[in-house]
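**Student:** Read off the chains here:
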Amino acid sequence: MTSNTNGYLSGSNLERVLKNGHFAVTAELGPPQSADGSVIRKKAALLKGCCDAANITDNQTAIVRMSSIGAGAILVQEGLEPVAQMTCRDRNRLAMQSDLLGAYALGVRNLLCLTGDHQSFGNHPDSKNVFDMDSIQMVQMVSNMRDKRVFQNGEEFKGQEPRFFVGAVESPFAHPVEFRPHRLAKKVKAGVNFIQTQIVYDIPAFKTFMEKVREMGLHKQTYILAGVSPLKSPGMAKYMKENVPGILIPDAILKRMEAAGSPWAGKSKDELTPEDKKARSEAWQAEGIKICIELIQQLRKIEGVAGVHIMAIEWEEAIRPIVEGAGLYPRPNVPMPEAKAA
Amino acid sequence: MIVAEQKSLEEIKELVGDANKVLVLGCGTCVTVCFAGGSREAAIVAAELRMASKLDASPKDVTDATVQRQCEWEYLDQAAEQVGNVDVVLSLGCGVGVQAIVERFPNAWVVPGLNTTFMGMPIEQGVWAERCAACGDCILGLTGGICPIARCSKSLLNGPCGGSIDGHCEINPEIACAWQLIYDRLKSKGKLEVLMDIQPPKNWRTSRDGGPRKIVREDLRLGKEE
Amino acid sequence: MTAMTNSLQIIAYCCEHCAYAAADLAGGLRMQYPPEVKIVMLPCTGKMDVLLALQAFEDGADGVMVAGCLPGDCHYLEGNDNAKRRTDYLQTLLNEIGLEPERVKMFNLSSAMAGKFVEAAKEMTEKIVKLGLNPLRERIKDEG
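Residue numbers (our numbering), protein chains in the order written: chain H, 1 to 342; chain Y, 1 to 226; chain V, 1 to 144.
Just chain H, with the same shape it has in the complex (with noise of 0.2 Å):
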């Protein structure tokens, strides 16, 4: 792998933070289904020094929103550093290479590279399909860039490459279970710097997956963040359990969240107020957010985990509580070295 002179692949503080040994934080900003460039200033605000990166999703669940690059280089002017996604789904492997260049010289330094959920999830179903590529074939290309400064056709860079801190996902939990810890090693194969997980509430059953995890060294050639996600209400537990693949709720949470709105489990829904509903909301969200730190707290634990990757999915604002209450505030500042004489 070539680096810059100072050492560093992509130089972005997430690389930093976590080549130097801190347990790292990110969170995620989901952009708006408008060009209004406020929303992403105002959530900016929320997230500025409560995480190392905040990642901004692409068209999530195929979903037309602000691009997450367009975002990404206002994140860069509020001065909070973005985590670009790309999904294969909506570019071919000329717009990606594209996207990326534009990316880099505005000022993105990390990207986490997705398949993308399938457009008949999202409000544009009637679209046509692209992926051209798949995940780890980005993966694999996104690192060629930096380190063998080639395009995807082999062809040498003349200028200025990207170099770019590479990450992708992996699901611990999704189907065929005994797979995924192969896959992720197919990952880092092709050169994955950093994992963001997708979310996890089982504690022991994502232990079973970092020993395999373990077993075939893969925590020392790419840091592993683990994905948390506070919960809001018994209601939205129970859906991601039924609906999202690959997400595991132990009966012990979702108890823990209805048990939290039990002062008001006596009223029926209609006899509750206005004032009933914001204070039940209230409580299901503070456990929520309780519920999240603990789990914080025993990722931290488990050995190979780098850090967490924080998804409070338009509630940003729980970011900060979080981060506090697992004594992960305030952030670490790793300054850039100088650069070294080439």
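Bear in mind the hints are in silico, worked out from the structure with no lab data behind them.
Computed from a prediction, not measured in an experiment: that's the story for all the values here.
No false leads were mixed into what you were given.
Incomplete in silico selection of chain Y near chain H, CB under 8 Å:
(1) Asn158
(2) Cys161
(3) Gly162
(4) Gly163
(5) Asp166
(6) Gly167
(7) Glu170
(8) Ile171
(9) Gln180
(10) Tyr183
(11) Pro200
Every residue gets a Cβ at the ideal spot worked out from N, C-alpha and C, and that includes glycine.
Assemble chains Y and V onto chain H, guided by the hints.
**Tutor:** Just chains Y and V, lined up with the frame of chain H:
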């Protein structure tokens, strides 16, 4: 085989329009096997059109005929006279058949009665599923004989994605996850290590993405050498 | 077969082993069923084809009955199940064409159920009387 299904009678009526003399032309090959456009189906569609047009108070003169294959000139020529006698040919052949009629009989006005859907096979009578995407560069040798281009919703070459649930694709529980099938098959053959090779991005030039395709076999052509 | 009269014509496709036998028994017992119902024997209702029924309607039949063995008791095991699927499909076709789907119906009975056959024949006839003559008939008459 090519699998197709009939358009609705409503759509067929619209396509036939005001034409009075209609020939419903069936095809004896693929669309017979998938019960969309064979001789029986042609007779049924013709009866439907006659009855519907009578009820609409403008009865049409609808006949039906079937050739062995619409996509070969020698068979298509057998219907030449009938094609010449009508205002519109409602072809119950696949998209290839419809176009063949037009190429062979440029004076005819031809409309499609079917939606050609995919290349696949009958899993049981009455149920057909897609199997081949005609990518032009077959990789079945790498996946134990199960095609990820046609059968994976995302055409992944290094699957599965995170949406595989209990062997089904997340976009439709009635569709098997191709990569679960590939995984199980390679496991049963003791060849799982094949899955650890990173398949490079596909060269899509041989598929439809590269433009309409054509094959020329000089060894099979007939006629005197020029 | 072209409709020569303006009186109602209901074609009853009856399977040899159950429905036809029941109709036969009804006749033997001098039970009266509407003369509008004309019986056509099939070896099994599984032989019933959509095209067969469509041709009956095109030729002017006002209704089509499909009568087979009781569910689970088909002499050829699955024939009546297959016939049910095709009869359902036929109803959607009739609807698309512009005829009332109620003009076709399937009945199940055993060979001893002469009474059930008579009931079915009466039910079908009453229904068709309400729906009226096959609207295609007038066109046939005009052409005739």
